[in-house]
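Undergrad: Single-letter residue listing:
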Amino acid sequence: MTTTDTPSAGEAIRALPRTSDNSLLADAGEGTRVEFRGVLKDYGPTRVLHDFTLDIAPGEFVSLLGPSGCGKTTALRVLAGLEPSSGGAVLLGGRDVSGIPTNRRDIGMVFQSYSLFPHLRVVDNVAFGLRRRRVAKRDAAERAHDALALVGLGHLSARYPHQLSGGQQQRVALARALVTEPRVLLLDEPLSALDAKVRVQLRDEIRRIQLRLGITTVFVTHDQEEALAVSDRIAVMNAGRIEQVGTPEDLYLRPASPGVAAFVGVSSVVPGVVRAGEVHVWSERLPLQAATAAEGPVEVFVRPENVRLVGAGGVPSTVQESTFLGSFRRTLVRTGDGTLLTVQHAATERVEYDDVVRIAFTEAPVVVRPRALGSAT
Amino acid sequence: MSAALATDAAASAVAAPRKPARGLEPARGTRWAIGLTVGILFAIPLVATLLYTFRDPLTGGLSAANWVRVFDPGNTQVLTPIWTGLGNSLVLAVVTVAIVLVVLLPTMILIELRYPRLGSAFEFVALLPISIPAIVLVVGLAPIYLQIGRALGTGAWTLAFAYGITVLPFAYRSIRASIGAVDLKTLAEAARSLGASWIEVIVHVLVPNLRQGLLAASLISVAVVLGEFTIASLLNRQVLQTALVVANKIDPYASAIFTLLSLLFVFLLLLAISRAARSRTGRTPS
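Protein chains in written order, with the numbering used here: chain A, 1 to 377; chain B, 1 to 286.
Source of the hints: derived by calculation from the structure; they are not laboratory data. Worth double-checking, as some hints may not be accurate.
[Said to hold, decoys possible] On the chain B side, residues computed to face chain A include the following (Cβ under 7 Å):
{"hint": "1", "residue": "Glu25"}
{"hint": "2", "residue": "Asp72"}
{"hint": "3", "residue": "Pro73"}
{"hint": "4", "residue": "Thr76"}
{"hint": "5", "residue": "Ala190"}
{"hint": "6", "residue": "Arg192"}
{"hint": "7", "residue": "Ser193"}
{"hint": "8", "residue": "Leu194"}
{"hint": "9", "residue": "Asn209"}
[Said to hold, decoys possible] Which stretches of chain B does chain A cover? Using the computed rule of at least three CB atoms under 8 Å from a CB of chain A, they are:
{"hint": "10", "segment": "55-68"}
{"hint": "11", "segment": "196-203"}
[As the list claims (entries may be wrong)] Computed Cβ-Cβ distance ranges for the label pairs, DEER-style:
{"hint": "12", "chain 1": "B", "residue 1": "Ser120", "chain 2": "A", "residue 2": "Leu40", "range": "41 to 51 Å"}
{"hint": "13", "chain 1": "A", "residue 1": "Pro45", "chain 2": "B", "residue 2": "Leu41", "range": "51 to 61 Å"}
{"hint": "14", "chain 1": "A", "residue 1": "Gln201", "chain 2": "B", "residue 2": "Pro106", "range": "40 to 50 Å"}
{"hint": "15", "chain 1": "B", "residue 1": "Val103", "chain 2": "A", "residue 2": "Pro84", "range": "45 to 55 Å"}
{"hint": "16", "chain 1": "B", "residue 1": "Ser197", "chain 2": "A", "residue 2": "Gln201", "range": "28 to 38 Å"}
{"hint": "17", "chain 1": "B", "residue 1": "Gly35", "chain 2": "A", "residue 2": "Pro84", "range": "30 to 40 Å"}
{"hint": "18", "chain 1": "B", "residue 1": "Leu41", "chain 2": "A", "residue 2": "Pro101", "range": "53 to 63 Å"}
{"hint": "19", "chain 1": "A", "residue 1": "Pro101", "chain 2": "B", "residue 2": "Thr76", "range": "51 to 61 Å"}
{"hint": "20", "chain 1": "B", "residue 1": "Gly35", "chain 2": "A", "residue 2": "Pro101", "range": "52 to 62 Å"}
{"hint": "21", "chain 1": "A", "residue 1": "Gly69", "chain 2": "B", "residue 2": "Val103", "range": "50 to 60 Å"}
From the three backbone atoms N, C-alpha and C, an ideal C-beta is built for every residue, glycine too.
Let the sequences and hints guide you as you build the complete structure.
TA: Dropping the structure here:
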């Protein structure tokens, strides 16, 4: 194992001293490429990962987003080596690590549940990985203090985990995962046990540190807001498959499937008919996201910000409820045919329950799916 | 009795104290009454034995003559078998504890982490010996000990294989309760992700977090081994309890004195367990 002396952009921004035993970081420059190639995972007769393929660039922050049971945590655990795959390959820095045990993959991982070692002080928790790499005790403690300072907890190094709040424990876990300068940082829903305010703070902090260190990061979450806020790219998963990989903007503005449209962001589902490359919704005509949609009756996914209240024309509707969200309002309306639809409008446009309003659509392209029996909103 | 006490101590060693809901707690007077009744019940035979050891066989009055006589270095007829038996029992205790720590603990960790489905079957097997009388166990073990005698000799230490079975239920419950109190899987996975080998995971992470359960299991094993008579007697090994029987035939006062001392030793062991439990539960959860 060697140190890297190459002056690079990363040299200036790295706060942590380089470990002498991390050649892989040196090989990769900043961050390591992570590749899933056709990974399969079976639990008995049940296949939970189907041909899972994803290429993550060095230094990229990629989120695996999906509902519970979609296989996102399984994919992360396969990458970590905590679960063996049933087929395919996982590559770190271009090398197949499928047969390499977890402790030799040079990863850093933060878990959903608090995983600090209860019998060790905070500084010893953080130094644990360094000590396993035979770093001298004094050196390890110094570097652990540096890592704790990075997450803003340098003053708590002498405490035990049970003396910390949940947010502080996860920060320590983050410092512990980063101090060894791993090739890849794996985050398995690390924020889900925290309260809303701490969650947002730590989320932003994780992103700030990740950008500063340039470490390749895979973040598993079921919270689309979290994923949209911090990721370079997001892989939306469903039933063990990736439905779409793209930037947060791609996923939100150009969802590849109704499933993605429904999962990412808020959508209302309204009835429409595809005719001549357009979709007709009540009296309005909207452009299609995918021009390949088959003609005929469809369900149309409409974002709240693509529906507006208008003074005349449009579709008459009745207000069901209206929620003040600071700079804007979201109002749920019911159209004449019983369809429920969410409208986002200025907070100054006050509406009350049972008011009759008129709604119209903006020209944003929409995603459709063949109409099923009954439509949800 | 020591086994029953041991199980209670094990349970208290590893379970967090639960405060009864207000209003359900018995009144102070009731608590004292229950405590005194139970205390007197247990104390009567012990006090009677203690008084017996201080009874002068000639005058019937109280004197320390029996104690002085028994511990007279010249009293080899009584002391030799007792010291031999005690030495054998202590060796057996060490080997039995080693079996618990080297065989039972890794097995339980393996089941917890890798084969959780085997958990209930293993629990059944581990608790089974408590329902098998020692005399029945010996019938099954006798032919096995014939082979053990040929292969490893007839040293008293070989009894540890049988004792490893008899302490299994107590050791299992103690360690199991400790395992249930920590998220072993996440701790092990966190340690693995930080570069620890499986040996390092066990030594540096799991054992320190199961310390209370392991301590309880070890001390209970010692208590059970020191109190065991049937298996040792029927397999013709000399241990503390068989030595006490021998001593009793020569000097009944000696037997009573050593019985009291061994009870005191076990009592101190169990006190150590509950003190260890207090030091653990004194910590505030986050």
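Undergrad: Asp72 of chain B was flagged as interface toward chain A. Is the shortest Cβ-Cβ separation under 7 Å?
TA: At 49 Å from the nearest chain A Cβ, Asp72 of chain B fails the 7 Å test, so the hint is violated.
Undergrad: Does 50 to 60 Å hold as the CB distance between Gly69 of chain A and Val103 of chain B, or does it fail?
TA: violated (38 Å)
Undergrad: Please check whether Glu25 of chain B passes as an interface residue: C-beta within 7 Å of a C-beta belonging to chain A.
TA: violated (27 Å)
Undergrad: Could you check the hint for me, namely that Ser120 of chain B and Leu40 of chain A are 41 to 51 Å apart, CB to CB?
TA: violated (31 Å)
Undergrad: Any CB of chain A closer than 7 Å to the CB of Leu194 of chain B?
TA: holds (4 Å)
Undergrad: Return holds or violated for the Cβ distance of Gly35 of chain B and Pro101 of chain A against the range 52 to 62 Å.
TA: holds (55 Å)
Undergrad: Confirm or reject the claim that Leu41 of chain B and Pro101 of chain A have a C-beta distance inside 53 to 63 Å.
TA: holds (57 Å)
Undergrad: Is the shortest C-beta separation between Ser193 of chain B and chain A less than 7 Å?
TA: At about 4 Å, which falls below the 7 Å cut-off, the nearest Cβ of chain A leaves the hint on Ser193 of chain B intact, so it holds.
Undergrad: Go ahead and decide if the range 28 to 38 Å is satisfied by the Cβ distance of Ser197 of chain B to Gln201 of chain A.
TA: For Ser197 of chain B and Gln201 of chain A the Cβ distance comes to about 36 Å; the hint holds.
Undergrad: Range hint 51 to 61 Å: satisfied by the CB atoms of Pro101 of chain A and Thr76 of chain B?
TA: holds (60 Å)
Undergrad: Regarding the hint that Pro73 of chain B lies at the interface with chain A, is the smallest CB-CB distance below 7 Å?
TA: Pro73 of chain B check fails; min Cβ-Cβ to chain A is 46 Å, beyond 7 Å.
Undergrad: Would you say the segment 55-68 of chain B counts as covered by chain A, given the rule of at least 3 residues with C-beta under 8 Å?
TA: It is violated, with 0 qualifying residues against the three required.
Against the hints set out earlier in the document, violations occur for numbers 1, 2, 3, 4, 10, 12, 15, 17 and 21.
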